[in-house]
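Heads up: the sequence lines are chains A and B, in that order.
Numbers 1 to 453, taken from the UniProt record's numbering, label the letters of the first sequence in order.
Numbers 1 to 77, taken from the UniProt record's numbering, label the letters of the second sequence in order.
There could be a bad hint or two in this list.
Said to hold, decoys possible - As a list, the in silico EDC-like pairs of lysine to aspartate or glutamate whose alpha-carbon atoms are at most 20 angstroms apart: (1) Lys-19/B - Glu-213/A; (2) Lys-68/B - Glu-222/A; (3) Lys-19/B - Glu-222/A.
Unchecked claim - Just so you have them, the derived chain B footprint on chain A, three or more residues with Cβ under 8 angstroms: (4) 139-153; (5) 253-263.
Source of the hints: derived by calculation from the structure; they are not laboratory data.
What you are looking at is a predicted structure, and each value in this text was computed from that prediction instead of being measured.
The beta-carbon is built from N, C-alpha and C at its ideal position, and this holds for glycine as well.
The residues making up each chain are set out below.
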Amino acid sequence: MDALILLQMLIAALIGVVVYTAIGVAPGTDETAVLAPVTLALVVAGIPLPVVLAFFMAAIVAKKLTDSIPVSVAGIPGGVMSAPMVEHAMILKREGHATLAIRKMASGSVIGTLVAIPVSLLLAFLLTPLADVLSQYASQIFFVGAVFLALMSREKVISLISIVILAALIQALRHFYWGMGVIPEGQVVFISFFLGITIGPMIFNLAQLTVREERRKMATGEPKTIKIYANDDSDDTSSFPNPFRILTRQEAVSATASSVLGSVTFFMSPVGITIFLGEVMSSWVKGTVEKASRALSSMDAVTNAAYIAGILIPLAALGIPMSPMAIGPGNAFFNAPPVLTLEQNAHHLMSFGEIAVASILGAGVALLITYPIAVRYARHICVFVFQRIPHEAFLAMFFSLVMLLAYMDAGVMGILGVGVLALVAGLLNRWGVNYGVQFMTLYAAPWLMGWMA
Amino acid sequence: MPNKTTSYLTVWDDTVTGKDLIIALAVSTPLTLGGFIFTPWPAPMPLIIGLCGALLGFAINAVCLRPKRRLDIEGEA
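This is chain A alone, in the form it adopts within the complex (with noise of 0.2 angstroms):
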């Protein structure tokens, strides 16, 4: 690895972390949905993997540490993770410490970035030699995750119905293209498909807007009000926060223990993980806040792992995203054909150490730069995006980029082939069947739809 590729990857671990501590804070936005397109461009036009590769990492361990700001400034959730957090921080703020949230949460993510790097290139490490077995069974192994996920979820019947719904759907699709001559027949479409299922809940909501009775569900008088609490200890002014001072020695033990079990457990729900462990946790911890500092430390350490694990452990040991981040997020590094496909991907292409540099520099970035000032200006940060970013912008933003790839992968066939998946991928998402069963589908479907046929 030359300097010229290090200091690549250092320009683009510090535009990750500037972007994504903005989008961080901006209330809803999913991992996924911001994520995942951009990432895939990159990949797609030709950006060096390892480049890409710290952009991801220090994206997501600034956007993991800002998108506890709002829940600590406001008590909304500033993404899908963070919404377990919301009722603990809630507690803080009722007993008077609304900014001790924030400190909590900001340093458990810096423990479970810390812990979780190490942990999950040594699973990696161990779990190599599975690799030739899962990638042979590759369909069946998506087949069957969808399954165990949908089996998992709250909405059972209804996931379990979609899997099938939804693979005749990208089949017919696929068929569609080849017989229509836009697509040369046996060339997969992949890259329009999972963003047409990444952006379904938007896109279900837009189409919403054109039907005059859901429209008037919708309206409200009144524009969002968001609460930011009072600054209740400004006098945080020391050089560098340090996270071991700012946790006690129980917090960062506790957060050290869910970081590890946080990222053993990489191919599970990370939302799931983390509430469980959240309140395993702060169970045996007396006292309102002492509780939930813990379980704030703890919870925001496991998110921070699980994401972390979930996408080195596919990506350094298996080259099948196996996990329900490396699916989502970080699908771009596993299959973005043409650059990237399932047999020769990111795995395949970099080496271990190329992975684990290009990892640990993209995070230790991040934690240098957003860690300080998530502590000491969470509270600017809050107001600025708040007062500054219209939530308009976000989503043309989104919207524009789908279109771009859509018509990149099948021109305006590509275009409309996307709208009726998102249409339908965002009623059920609607409906409570989860983006990980709809992805692996996404990965079963020609082989599901060949064996049913």
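Based on the hints, put chain B in the right spot on chain A.
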């Protein structure tokens, strides 16, 4: 129907107005797709210009449109 100018819509967990949403889409989509379609090949150039179009559209929308959120800042009331 409520008066169009004062009615907000909840899309993707935040409030927008129909007019501004249409404006934002009308700014971003042509810049992004147009950048891709009208840039001469070879390979990565159209995509890069398209991505720049997406960023430019975001910047224009962020500067020109007003967020529809009401901030209630404790201690500054």
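Inset, instruction - Tell me, in ascending order, the numbers of any earlier hints that this structure violates. - result: 4 and 5
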